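Visitor: In case you want the letters, here they are:
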Amino acid sequence: MEMYLKSLGDLAATSGFSQLFLINVKLFGVPLPGYFVMILVSFVLLYLAIAKGFEPLLLVPIAFGALMSNVPLSGLNDPGGFFHYIYMLCQAEIYPLIIFLGIGALTDFGPLLANPITFLLGAAAQFGVFVSFMGANLWGFSLKEAASIGIIGGADGPTSIYLTMKLGQEQILPAIAVAAYSYMSLVPLIQPPFIKMFTTKADRAIKMAQLRPVSKKERILFPIICTLVAGMVLPACTPLIGLLMFGNLLRECGCTDRLSETAQNALLNITTIFLGLSVGSTMGAERFLAEGTVKIIILGLIAFIFSTVGGVLFGQLMKIVSHGKINPMIGSAGVSAVPMAARVVQRVSQAENPGSYLLMHAMGPNVAGVIGTAVAAGVLLTLLTMN
Amino acid sequence: MPGKVLDVKVAVGAAVKAGDLVLMLEAMKMENEIFATSSGTVKEVRVRSGDAVNTGDVMIVIG
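Chains A and B, in that order, are what the protein sequence lines are.
If you read the first sequence in the working numbering, its first letter stands for residue 1, the second for the next number, and so on.
If you read the second sequence in the working numbering, its first letter stands for residue 388, the second for the next number, and so on.
If you are wondering where the hints come from, they were derived from the structure by calculation, not from laboratory data.
These numbers come from a predicted model, not from an experiment.
Take the hints with a grain of salt, since some may be wrong.
[Unchecked claim] Lysine to any residue pairs mimicking SDA-like chemistry, simulated, CA-CA at most 25 Å apart:
#: 1; chain 1: A; residue 1: K207; chain 2: B; residue 2: S426
#: 2; chain 1: A; residue 1: K319; chain 2: B; residue 2: T442
#: 3; chain 1: B; residue 1: K391; chain 2: A; residue 2: A209
#: 4; chain 1: A; residue 1: K201; chain 2: B; residue 2: K396
#: 5; chain 1: A; residue 1: K216; chain 2: B; residue 2: V445
#: 6; chain 1: A; residue 1: K207; chain 2: B; residue 2: G400
#: 7; chain 1: A; residue 1: K52; chain 2: B; residue 2: A414
#: 8; chain 1: B; residue 1: K404; chain 2: A; residue 2: R347
#: 9; chain 1: A; residue 1: K325; chain 2: B; residue 2: A439
#: 10; chain 1: A; residue 1: K52; chain 2: A; residue 2: V37
#: 11; chain 1: A; residue 1: K207; chain 2: B; residue 2: V409
#: 12; chain 1: A; residue 1: K207; chain 2: B; residue 2: A405
#: 13; chain 1: A; residue 1: K216; chain 2: A; residue 2: C255
#: 14; chain 1: A; residue 1: K201; chain 2: B; residue 2: E420
#: 15; chain 1: A; residue 1: K52; chain 2: B; residue 2: E418
#: 16; chain 1: A; residue 1: K319; chain 2: A; residue 2: E352
#: 17; chain 1: B; residue 1: K404; chain 2: A; residue 2: I305
#: 18; chain 1: A; residue 1: K207; chain 2: B; residue 2: A439
#: 19; chain 1: A; residue 1: K196; chain 2: A; residue 2: V37
#: 20; chain 1: A; residue 1: K217; chain 2: B; residue 2: P389
#: 21; chain 1: B; residue 1: K404; chain 2: A; residue 2: A202
#: 22; chain 1: A; residue 1: K196; chain 2: B; residue 2: E420
#: 23; chain 1: B; residue 1: K396; chain 2: A; residue 2: K319
[Claimed, not checked] Calculated from the model, a selection of chain B residues having no Cβ within reach of chain A, i.e. all distances over 12 Å:
#: 24; residue: A401
#: 25; residue: G406
#: 26; residue: L408
#: 27; residue: E431
#: 28; residue: G437
#: 29; residue: V448
#: 30; residue: G450
For each residue, glycine too, the CB sits at the ideal point set by N, CA and C.
Just chain B, with the same shape it has in the complex:
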């Protein structure tokens, strides 16, 4: 879903569980909550708030 990153809720090194809120994305003037798809540790955060993203872009790597 194309949109703009509003807020990144996790930092590198944080432990997350599947279903945790990791990021807020604005699309169609609506705030969308993006949840972690799997449990693990955040290895990389590739976006900052304000960035425009497109379908297929990797935003956060969880390992």
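Okay, chain A solo, but in the shape it has when bound:
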């Protein structure tokens, strides 16, 4: 009898329940049961993704990864565990790059080529990246952490993850990823008030002339030239820009449809699953339940707002230079949340002027923003890894 009781006791000690309420973390001085709280956090993320539609393709894998890795004693993250191995490719920065390949194959750079001046708007909307980089540094984060936080303002998840890993800031990876993807899905809520604050009713009603058609030759030459120019000027951004442009060349060259199809569907989806689970697997209590996470979420929002404002203000400048032919709102689409930011512009413009169709015009700065954020990451990377 005693033996049986002892075995039951041993079994209970190896069950997750024995650790579930273990107090192993402190947040703002309050001791908390880390595993239990993180499981609740994963529930919240699952709810936001499934019921509220917040970037479900990413948040569902992230949340489920967090749920699994917070089952006490599961050993998933230990050497030999599943997450340990899939995280290796995240650590080697492989996933964000493959995702960029897929995005390149998905993206139509036509609107940018038809109106190349909108490239400047994609650059202006990186304003928030640098504002919150400085803000984060002043708020006590190291320069490398601050850079990873600032890049959230570009509204580009893969770039944020890439830069964070490249700078060796794994401890803040989960907070960065969750903030970046949450804000991306909140674009339709965050942007309109700031667009309206910096434009007049008359500005928002400006109609823009139809875009010119873009030839096949231009579409083929663009990814090649862009890779060479960006790579030569800023070698650190070659991996991101190069894979983005390689994907785009597969799409545009007309003889690699099968590869383009795979890159933008199967490969992108497979990588998204592994990237999401990897990020989720890093959401341990000691990392995520930290004061830094709260600060990162606040700074991420500031970065996002300043990027939107930077884009709109530059749009105002372009309105003046173009004698009123450019609607300043399209500047807000310079953040790289494609195509959400462009859709926001379309919606806000049609509310003012039902005959106005700005969607394609806003896609110019929007796709330029993807390049802009990758370049901003390259700038930060170069500055912070110089000896």
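Fit chain B to the known structure of chain A by using the hints.
Guide: Frame of chain A; chain B shown alone:
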């Protein structure tokens, strides 16, 4: 704007006013409302729902 016609809201012979909703067009996974640019009678409807259209295509003729 290139896209796919989702729904044609008017038929030949219908009277429309400038600003009336005549067509729904899907572009970038978003539904866009296309409004009549002038008042008159619908003379021709050249697209059906499901058709892919490109910039410059005539979809509806109002006379």
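Visitor: Next, verify each hint and record whether it holds.
Guide: Here is how each hint holds up against the structure:
Taken as a hint, the A/K207 and B/S426 pair is honoured in the structure, with Cα atoms around 20 Å apart against an allowance of 25 Å. Our distance criterion of 25 Å between C-alpha atoms is met by A/K319 and B/T442, whose separation comes to about 24 Å. Simply put, B/K391 and A/A209 have alpha-carbon atoms about 21 Å apart, close enough for the 25 Å limit, and the pair holds. Proximity of A/K201 to B/K396 is assessed by CA-CA distance (about 29 Å); at most 25 Å being required, the pair is judged violated.
Distance hint between A/K216 and B/V445 is fulfilled; the C-alpha atoms sit about 23 Å from each other, no more than 25 Å. This hinted pair does not check out: A/K207 and B/G400 have alpha carbons roughly 30 Å apart, beyond 25 Å. For the hint linking A/K52 to B/A414, the alpha-carbon distance of about 23 Å falls within 25 Å, and the restraint holds. In summary, the hint linking B/K404 to A/R347 is supported, as the alpha carbons are separated by about 22 Å, within the 25 Å threshold.
Note on A/K325 and B/A439: the hinted pairing is violated, with a Cα-Cα distance of about 29 Å set against a maximum of 25 Å. Of the pairs offered as hints, the one joining A/K52 and A/V37 holds, with about 21 Å between alpha carbons and a cut-off of 25 Å not exceeded. For the suggested pair A/K207 and B/V409, the alpha carbons sit about 19 Å apart, so the restraint of at most 25 Å is met. Proximity of A/K207 to B/A405 is assessed by CA-CA distance (about 16 Å); at most 25 Å being required, the pair is judged to hold.
Of the supplied pair hints, the one linking A/K216 and A/C255 holds, its CA atoms being roughly 12 Å apart against a limit of 25 Å. For a cut-off of 25 Å, the pair hint linking A/K201 to B/E420 stands: about 20 Å separates their Cα positions. Under the criterion of a C-alpha separation no larger than 25 Å, the hint pairing A/K52 with B/E418 is consistent with the structure, at around 20 Å. The hinted pair formed by A/K319 and A/E352 meets the criterion: a straight-line CA distance of about 17 Å does not exceed 25 Å.
With a C-alpha separation of about 40 Å, the suggested pairing of B/K404 with A/I305 is violated against the 25 Å cut-off. Taking the CA atoms of A/K207 and B/A439, the gap is near 24 Å; set against the 25 Å cutoff, the hint holds. With a C-alpha separation of about 39 Å, the suggested pairing of A/K196 with A/V37 is violated against the 25 Å cut-off. Between A/K217 and B/P389 the alpha-carbon distance is near 20 Å, which keeps this suggested pair within the 25 Å criterion.
Between B/K404 and A/A202 the alpha-carbon distance is near 24 Å, which keeps this suggested pair within the 25 Å criterion. With a CA separation close to 22 Å, the supplied pair A/K196 and B/E420 stays within the 25 Å bound. Distance restraint check for B/K396 and A/K319: the Cα-Cα separation of roughly 35 Å exceeds the 25 Å cut-off, and the hinted pair is therefore not satisfied. With a least CB separation of 19 Å from chain A, B/A401 remains clear of the 12 Å interface cut-off, as annotated.
Distance to chain A contradicts B/G406 as a non-interface residue, since its nearest Cβ pair spans about 6 Å, not more than 12 Å. Once the 12 Å rule is applied to beta carbons, B/L408 is inconsistent with being away from chain A; the minimum gap is 9 Å. With a least CB separation of 21 Å from chain A, B/E431 remains clear of the 12 Å interface cut-off, as annotated. Non-interface status of B/G437 relative to chain A is upheld: no Cβ of that chain comes within 12 Å, the nearest being about 20 Å off.
The beta carbon of B/V448 sits about 17 Å from the closest Cβ of chain A, which is more than 12 Å, so the claim that it is off the interface holds. With a least CB separation of 19 Å from chain A, B/G450 remains clear of the 12 Å interface cut-off, as annotated.
In summary, the structure is inconsistent with hints 4, 6, 9, 17, 19, 23, 25, 26 from the numbered list given earlier, while agreeing with the others.
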